[in-house]
Amino acid sequence: QVQLQESGPGLVRSSETLSLICTVSGGSISSYYWSWIRQPAGKGLEWIGRIYTNVSTNYNPSLKSRVTMSVDTSKNQFSLRMSSVAAADTAVYYCARESSGTNYRALDFWGQGTLVTVSS
Amino acid sequence: DIQMTQSPSSLSASVGDRVTITCRASQSISSFLNWYQQKPGKAPKLLIYAASSLQSGVPSRFTGSGSGTDFTLTISSLQPEDFAIYYCQQSYTTPRTFGQGTKVDIK
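Respectively, the protein sequence lines represent chains A and B. Take the first sequence: its letter number 109 is residue 109 in the numbering used here, and every next letter is one higher. Take the second sequence: its letter number 18 is residue 18 in the numbering used here, and every next letter is one higher.
Since the hints were derived computationally from the structure, they do not count as laboratory data. These figures come from a predicted structure and were not determined experimentally. Among these hints, one or two may not hold up.
[As the list claims (entries may be wrong)] Calculated pairs, EDC-like style, for lysine to aspartate or glutamate (alpha carbon to alpha carbon, straight line, at most 16 Å):
1) B/K45 x A/E98
2) A/K64 x B/D1
3) B/K45 x A/D108
Extracted from the complex, chain A is given alone in its bound form (with noise of 0.2 Å):
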């Protein structure tokens, strides 16, 4: 079965950077896209982007200039890493794994979340 695990600080500075790493265990990070969500208290679903094995990367436009994502194959990992970040910016922030087929593309596998708060 496999697993994510995000882990970083639970406390940014504003205008400093926000870092994570989702950890996967259970099954190689080869061959998926991987993702990060986040979800501000009380509020949906915000998707920040996705990464393949360091190869394809796509960004949502509303974060392209603030955000960078990368994989570290040898570890099972992939991170992510946002600039500039202010009091919109702290929310939950989720790592999943997006499967695709022929027809689909869902998050199967999910992290259990992790709080950053951003403090001034």
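Following the hints, complete the assembly by docking chain B onto the known chain A.
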């Protein structure tokens, strides 16, 4: 971006009720539509993919239908563990987008 609009935003229902949630895309997304269930303090869980395919381990009381721009999630007989927030998501193109969610609570 493709906008996803769910209705209703919330509903109250009783155990055993049939519940229907709709999701409309701002443009055609074929059948690239997924449904997720989220309970308080937990990550979303995939219920339905490709508009109508049941994810492994998900009870058969959950069904999905639709294609193009209009989609439906139906719970045939609501169970106590089904009280949650449900989100639709399009995976036709990036950026992936979610509906605003439908909260199902106890009447």
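Tested hints:
1. B/K45 x A/E98: holds (13 Å)
2. A/K64 x B/D1: holds (14 Å)
3. B/K45 x A/D108: OK: B/K45 and A/D108 at ~7 Å, within 16 Å.
The structure agrees with every numbered hint stated previously.
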